[in-house]
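A.B. asks: Sequence:
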Amino acid sequence: MRSNHHGSGVYVSLLSIIMGGSSQVLIDVPMPIRTPRLTIRSKQLGDGGITSAAVAETWEELNRWMRWAENKEAFTAELMEIRNRQVMASFLLRETIELIGIETRTGKAVVWCGFHDIDWKARQCDTGYWVRRSAQCRGLATETANAMLRYAFGALAMQRVGLTHSSGNEPSRRIAERLGFTFEGI
112 MRSNHHGSGV YVSLLSIIMG GSSQVLIDVP MPIRTPRLTI RSKQLGDGGI
162 TSAAVAETWE ELNRWMRWAE NKEAFTAELM EIRNRQVMAS FLLRETIELI
212 GIETRTGKAV VWCGFHDIDW KARQCDTGYW VRRSAQCRGL ATETANAMLR
262 YAFGALAMQR VGLTHSSGNE PSRRIAERLG FTFEGI
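Numbering (this note's numbering), first residue to last: 112 to 297.
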């Protein structure tokens, strides 16, 4: 599913002129993203352990819907910290933007989200998210997806954002439709 934005053409044209000879490393990616209930931030040193715990808690859902969740043993705290540091480097290079949503009220990490397949020249990317089991069914996925979409079209000046979900994942399909994505195919 994709959502197109037509409203800031002058800004995007100016931005593309400014970025024409620059490296994508210089693109500003302001953090954090704030929603009524979340602070969505870039990953930090030490986040491997909290990610590992959330993956373990949510394994059944992740294994069912996420391509990357095939081998539970690959999600130990140590391996997740190694991956976390690779993700931090990728963030600095502006190759992918992987984020964690911290619930403001509790301080607990509850959402993992981000942007991938980023094409800075074409101003397009894909977004995705998952919510740990103990925080599901509270609207955090919709809140996160909405924030990510607004951030992509606003702060990142994207012109096209994709959201892919697994066939049969009806809650994610409903979120995409609610946020104005249009179905393009399987």
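Just so you know, not all the hints are guaranteed correct.
What the hints assert, rightly or not - Distance windows between CB atoms, simulated: (1) R285 - L137: 20 to 30 Å; (2) D230 - R178: 27 to 37 Å; (3) W170 - Q270: 15 to 25 Å; (4) G157 - E206: 17 to 27 Å; (5) A266 - R216: 21 to 31 Å; (6) P147 - P282: 19 to 29 Å; (7) L137 - N280: 13 to 23 Å; (8) W170 - I138: 19 to 29 Å; (9) W179 - L204: 26 to 36 Å; (10) W176 - T293: 28 to 38 Å.
Worth flagging that the hints you see were computed from the coordinates, not collected in a lab. Using N, Cα and C, we set each Cβ at its ideal position, and we do this for glycine too.
A.B. asks: A separate judgement is required for each hint: does it hold in the structure or not?
C.D. replies: Going through the hints against the structure:
A C-beta distance of roughly 38 Å is found between R285 and L137, which places it outside the suggested range of 20 to 30 Å. Our hint of 27 to 37 Å for D230 and R178 is violated, since their Cβ atoms are close to 20 Å apart. Checked against the hint of 15 to 25 Å, the pair W170 and Q270 fails, with Cβ atoms roughly 36 Å apart. At roughly 22 Å, the beta carbons of G157 and E206 sit within the given window of 17 to 27 Å.
Roughly 25 Å separates the CB atoms of A266 and R216, a value that falls within the hinted 21 to 31 Å. Distance hint check for P147 and P282: the Cβ-Cβ separation is about 20 Å, which falls inside the suggested range of 19 to 29 Å. At about 37 Å, the beta-carbon gap between L137 and N280 misses the expected band of 13 to 23 Å. At about 35 Å, the beta-carbon gap between W170 and I138 misses the expected band of 19 to 29 Å.
A C-beta distance of roughly 20 Å is found between W179 and L204, which places it outside the suggested range of 26 to 36 Å. One distance hint, 28 to 38 Å for the beta-carbon pair W176 and T293, is violated here, with the actual separation near 21 Å.
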